[in-house]
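Residue strings, one per chain:
Number of protein chains: 8
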Amino acid sequence: MSDPFQYRRLNRDDAALLLVDHQSGLISLVQDFSPGEFKNNVLATAACGDYFNLPTILTTSFEDGPNGPLVPELKETFPNAPYIARPGNINAWDNEDFVNAVKATGKKQLIIAGVVTEVCVAFPALSALEEGYDVFVVTDASGTFNEVTREAAWHRMQQAGVQLMSWFAMACELHRDWRNDIEGLGQLFSNHIPNYRNLMTSYFAKASG
Amino acid sequence: MSDPFQYRRLNRDDAALLLVDHQSGLISLVQDFSPGEFKNNVLATAACGDYFNLPTILTTSFEDGPNGPLVPELKETFPNAPYIARPGNINAWDNEDFVNAVKATGKKQLIIAGVVTEVCVAFPALSALEEGYDVFVVTDASGTFNEVTREAAWHRMQQAGVQLMSWFAMACELHRDWRNDIEGLGQLFSNHIPNYRNLMTSYFAKASG
Amino acid sequence: MSDPFQYRRLNRDDAALLLVDHQSGLISLVQDFSPGEFKNNVLATAACGDYFNLPTILTTSFEDGPNGPLVPELKETFPNAPYIARPGNINAWDNEDFVNAVKATGKKQLIIAGVVTEVCVAFPALSALEEGYDVFVVTDASGTFNEVTREAAWHRMQQAGVQLMSWFAMACELHRDWRNDIEGLGQLFSNHIPNYRNLMTSYFAKASG
Amino acid sequence: MSDPFQYRRLNRDDAALLLVDHQSGLISLVQDFSPGEFKNNVLATAACGDYFNLPTILTTSFEDGPNGPLVPELKETFPNAPYIARPGNINAWDNEDFVNAVKATGKKQLIIAGVVTEVCVAFPALSALEEGYDVFVVTDASGTFNEVTREAAWHRMQQAGVQLMSWFAMACELHRDWRNDIEGLGQLFSNHIPNYRNLMTSYFAKASG
Amino acid sequence: MSDPFQYRRLNRDDAALLLVDHQSGLISLVQDFSPGEFKNNVLATAACGDYFNLPTILTTSFEDGPNGPLVPELKETFPNAPYIARPGNINAWDNEDFVNAVKATGKKQLIIAGVVTEVCVAFPALSALEEGYDVFVVTDASGTFNEVTREAAWHRMQQAGVQLMSWFAMACELHRDWRNDIEGLGQLFSNHIPNYRNLMTSYFAKASG
Amino acid sequence: MSDPFQYRRLNRDDAALLLVDHQSGLISLVQDFSPGEFKNNVLATAACGDYFNLPTILTTSFEDGPNGPLVPELKETFPNAPYIARPGNINAWDNEDFVNAVKATGKKQLIIAGVVTEVCVAFPALSALEEGYDVFVVTDASGTFNEVTREAAWHRMQQAGVQLMSWFAMACELHRDWRNDIEGLGQLFSNHIPNYRNLMTSYFAKASG
Amino acid sequence: MSDPFQYRRLNRDDAALLLVDHQSGLISLVQDFSPGEFKNNVLATAACGDYFNLPTILTTSFEDGPNGPLVPELKETFPNAPYIARPGNINAWDNEDFVNAVKATGKKQLIIAGVVTEVCVAFPALSALEEGYDVFVVTDASGTFNEVTREAAWHRMQQAGVQLMSWFAMACELHRDWRNDIEGLGQLFSNHIPNYRNLMTSYFAKASG
Amino acid sequence: MSDPFQYRRLNRDDAALLLVDHQSGLISLVQDFSPGEFKNNVLATAACGDYFNLPTILTTSFEDGPNGPLVPELKETFPNAPYIARPGNINAWDNEDFVNAVKATGKKQLIIAGVVTEVCVAFPALSALEEGYDVFVVTDASGTFNEVTREAAWHRMQQAGVQLMSWFAMACELHRDWRNDIEGLGQLFSNHIPNYRNLMTSYFAKASG
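Residue numbers (full-length UniProt numbering), protein chains in the order written: chain A, 1 to 209; chain B, 1 to 209; chain C, 1 to 209; chain D, 1 to 209; chain E, 1 to 209; chain F, 1 to 209; chain G, 1 to 209; chain H, 1 to 209.
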């Protein structure tokens, strides 16, 4: 606590996005967000990866079994992303291909989201921290069985040094300045924040009125 | 309570849909649903109106002022629907054009959703009941300031004889039998119920596996 | 349930407002609303009484004791209202002066708010119903010890035929049509609904922009 | 709903109190109130029975088994009350001794509290209603497994015509007028409503200051 | 409300149990109960049907599709029950085989539980009421998307005259008197109410101590 | 985090108890606990101070004004405790008499509870930490305006090194071993933990059965 | 954790207040506080800035667009404050004018509040920490989309060393001693804490009684 | 925070499981989980101990008194585990036999669960940390009086360096790779995660379809 604090902030040139186990079966286990909110948060996170051109890695666990396939929207958003279908490792970081894919990005900031929070997110987050990466977890695009389970996972990750963020904070920290692209960011928010869209609807109605 | 109960159930040939004041400003006042859930419920309700070919009536209150314009998705879904921009009546039923539009549908079952629940929904619901209509309120496509306000509105409407339903119950009661169109209803659910979509994703992955 | 439903709706010419025991000590017992929300709801209800020129009656219980005096804002809003400091009757309707004051208004619709809900509101509400009045309770300007207590009180009142409303629904049902006075109603909402004020701020900024 | 409403209100000369199965084992099943709140509500209800001299009947189910004995405070408050240790009837009203004890009171208003709400309270409440009694349930001195279970029980009882009340509403409706005994009622509230006691502490400190 | 109330209570000789669409896919949509609680409630309801020898009818909707098969525990508990795999009717009462199976039981009291509450439970409940049956819904063995959806469904069913109960209330109302079988009922509770089991564990430890 | 952890645990010979501003007016501001729970927690904390013979210091702020007097139960429990009626210092540690009283105890472990949490508790807690004391806050005997306010206060205190505890944890850590006085501790728990009392009631009923 | 703790406490001579993006559009996005509570908290924070004569800086983001203008009450409270309408920087600390304005205050303690918490508050808070400032965030005058988002933001800021406070704690820590101005602080609390006002109303009624 | 982070992760060869005071009486005090959820979590934790062959130690406090005996399922799962019936030590680590049993396992990672969280879990957790063990608490198999009490306990343990986990995270971290035993882990999850079981039911129905 006594060391001078250094604000390790997300930088679009330094960051990679890791989407872990957003599979149709596993997502049906999530109950700490309503299904509609969770879906929106995951798609918004993916849209950020796409919009900011972040190197993105997809990984799944046992797609052929009850866990189900990766949700199709993620496949469609990142058709060329490395896709690691893990043969059994629960912690994605235990999978050599996955770690190699991460290293190949050459980025030192890792943004992680996944299902379920205390396993598929927390485990690789802690492993990556140990390797010296700066780790950011997108809390609202990561889901689990209930609020108690989530809180325990957050405590463990915070204790280790993970930075917990919402997808909106991630987007804003990456974008830095509206002037970099007003329309693009506005579109992103309009698509995924209904009340922001409402503000825009009211505004442009008036503006054109 | 002692009279024999008659199950007045929704019938796609007897029902009309009334969407009241889903305007960009007013919707930003809604806090008894998360914005994402509410948006989905409203769009799902509209999708049902479209899918079941229900005569649909749109109405707004002071579009040119702070209340803001009707959300554009509803305009796009029902380009040819009667559209009553009320000049000042708070209760839509106090507006002759609105009532005439309702009567012109020739339907006796009215499905109502709107913002805010205790005013824009409850007032015309009670007026229509008095006129002898069967009234169904889509509870989750109707929003208001907070849960306490909603509960009071529900109590008042139930007391009067309104039937309270979710959009999903409305859809199912209108459809009656999956065999009428398996694919269409499945698509509707897939679009608006994320976990139902997940079930389908898992199922068809396996089926094609 | 089988009788034709009659929509008994608030009419500004037929309604009187009864404010029961909003005293500084008793209000500190209220925990089913946050203190800030409750204060705003009570003042908004009073502002409606004033704005719509409703005959208003104030009553208190044991002002000189621990219950404390009527909150000063209500006295100031209604300096000429009948003010019944009850010498001991818990149910205001058991007090002859109070009933006489109600009768003197000549109104048949009684709007009641007070502290605490299950006693100071519910008791006179049930008594007035029995006397043939139409009774409307402003649910969010009536407070009590906790949510469980409130729900029991609401159930009992609904069962008897009381109409439960928020102050906003009351205001809208009384006003009927914005054209009766756009500015006045807008001011009322701006004063007591922060997000409505925000809509207006955005709107007029743009309009004058 | 169309019949003239009659306010059947509690009258200390017409009412009897029935305390059903407040046993040490069964109370440990209650989770819709915190244990401290529930204990206070039960003791406050008992204190009302004592204070208003209501004929009171105690009954238990299988005291010698896991359900445990009646909590000692109730025995101490009502040392001479009829005490029906039911040999097996779940619905106390199915026990002839219990019904006889009720009839022996000669009262037509029955106030019921017990554990658990949907069984030990709801069953005799519905039976007594059928026999023509006016039935009042003390909702906050009746506990059950969780809130969902409670709500279902309340719905069923309200539907049948039971009047749901808090112990505080019961006390106030029985007392009618503070002048009947200011000090006695004040003491009752001071003992069981901590914030009312605080009001009194502040008041008398000042008064004697 | 003015008619004399008749307590229509469950009677083991008059009641049949209808379990509607407890399928592995549909259950994964339920979010108004935690998955563990819901599973326990459904199995407890089934155990009651078995224990009280209630004629039981199983029905499913599209078992071969995403809805998934009936959960195996129910099949195992009722191997000889009529099993109606509906080819498409959403409301089970629209299926002739189902209604015939109900009629074949010769019972006039129908206990219904299912997934989801506002459709698979509410629709046949309302249809059966209209046919003159007494209808009891096991609220905690019936699940849906969220609490708001549940509340709307409960309101609609209560309004129609359905009696809402928990599985525990159902069990107790059917059993009537512990003396009918102390051990059997105790075992049922021990299996499905963990804290009741704890009471028994403590009691028998002491008894044998 | 890398230093070896030292478990600074409460020791009855090293600890003093500081009760800050439990005044009748201030307590009525507390809404993050129900009034009944909060009262019980404060009295249980005081009972521990008494039972473990902890040097105890009472302090108040402006007793003669709206804040009201110290609640009488605390005065009665600690008739001989130093009693610092602060003339104006908000942080009790800014009051020389208070600090002197603390120093006079010769203890290095300070247990603090008070109203409101983020001021009357947090301020002296942080001041004492700075002076090198080990500080323990009794979280459930410290109350404030709402849960959000409480959480911010807890975060700030935890960050500084305060140990957050419930009164029950405090009691157990001080007692160390039931054999030090089974009956005394049992009585303490029986008085303040209703369900523990129930366990004892069931146990001794059986034991004497 | 092992370093001696230093209580960095707010000092009115060392502190500046930064109000970030309290704009009419952005505030309508806030859902982790009720609108009424949030408005009161923001105005109370501003009133503290005014009352304690803190150098105050106002900043906004895109006032001319959907975000809307600064709420007028803030402009009115601080007519002469530096007002930085940022042309695009999301993190106010990225704006040179803003940082210069902060430096010009010559203060080392920065109190920050704004909308939304995880961006407009957290970003400059982390930047200022890095620059060596002591940073205090007014948690209840900072709002965001929902509770989950807020918690993540709080975790991130606490981890970095931000001190989280309510506006009431800020006011008390700045004031230090009631004797500095009893009336002024009392007025501040009376205006923004309804139950404190009630205490004062009761007190002065009695005092003058 | 500035030291390089080391991910101390659970390793099945390094870990022992300590189950503290899961006794029938004490468990009835738990109200921060529903009884059904808590039972499932405890049994799942025990099943993990068994499945991963972790050296397991059982301990109880005053089994012969009101606390009641260890729940029988734990005895049955670990018939040969060291079983320390503590004669009075509240902190199990104060009991020499218990510490010796822990040491005898030769493990350096201790997984602890128990009742109640802030005492029976937190005390030995802090003691073991001080002795240099890595400590993991199974948060959802540890219960207490209410959520506030739990949160305080979690804060204290996190502050000290305890790693907070759910039973599911524990299982996954121990298992590392599904390929170690797909069927075994699948069975464990199927038994204790109802929705995972549902996924498997749907999957295998289809697979065999």
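Don't take each hint at face value.
As a list, the in silico DSS-like pairs of lysine-lysine whose alpha-carbon atoms are at most 25 Å apart [to be verified]:
hint, chain 1, residue 1, chain 2, residue 2
1, H, Lys-103, E, Lys-206
2, B, Lys-107, B, Lys-75
3, F, Lys-75, G, Lys-206
4, E, Lys-206, B, Lys-206
5, E, Lys-75, E, Lys-103
6, B, Lys-103, B, Lys-75
7, D, Lys-75, D, Lys-107
8, B, Lys-75, C, Lys-107
9, G, Lys-103, G, Lys-75
10, B, Lys-103, A, Lys-75
11, F, Lys-75, D, Lys-75
12, B, Lys-206, H, Lys-206
13, H, Lys-75, F, Lys-206
None of these hints come from the bench; they were simulated from the model. Predicted, not measured: the structure shown is a model, and the values here were computed from it.
Results of checking the hints against the structure:
1. In summary, the hint linking Lys-103/H to Lys-206/E is not supported, as the alpha carbons are separated by about 33 Å, beyond the 25 Å threshold.
2. At roughly 22 Å between alpha-carbon atoms, Lys-107/B and Lys-75/B fall within 25 Å of each other, so this suggested pair holds.
3. Between Lys-75/F and Lys-206/G the CA atoms are separated by roughly 24 Å; this keeps the pair inside 25 Å, and the hint holds.
4. Using a Cα cut-off of 25 Å, the hinted pair Lys-206/E and Lys-206/B is violated, with the two alpha carbons roughly 55 Å apart.
5. With a C-alpha separation of about 21 Å, the suggested pair Lys-75/E and Lys-103/E falls inside the 25 Å cut-off, and the hint holds.
6. For the hint linking Lys-103/B to Lys-75/B, the alpha-carbon distance of about 21 Å falls within 25 Å, and the restraint holds.
7. Taken as a hint, the Lys-75/D and Lys-107/D pair is honoured in the structure, with Cα atoms around 22 Å apart against an allowance of 25 Å.
8. Proximity of Lys-75/B to Lys-107/C is assessed by CA-CA distance (about 44 Å); at most 25 Å being required, the pair is judged violated.
9. Annotation: proposed proximity of Lys-103/G to Lys-75/G holds, straight-line Cα distance about 21 Å (limit 25 Å).
10. At most 25 Å may separate the alpha-carbon atoms for a hinted pair to count; Lys-103/B and Lys-75/A exceed this at roughly 49 Å.
11. Between the alpha carbons of Lys-75/F and Lys-75/D the distance comes to roughly 32 Å, so the proposed pair goes past 25 Å and is violated.
12. Restraint check: the Cα-Cα separation between Lys-206/B and Lys-206/H comes to about 7 Å, which is no more than 25 Å; the hinted pair holds.
13. Taken as a hint, the Lys-75/H and Lys-206/F pair is honoured in the structure, with Cα atoms around 24 Å apart against an allowance of 25 Å.
Hint violations for this structure: numbers 1, 4, 8, 10, 11, all remaining hints satisfied.
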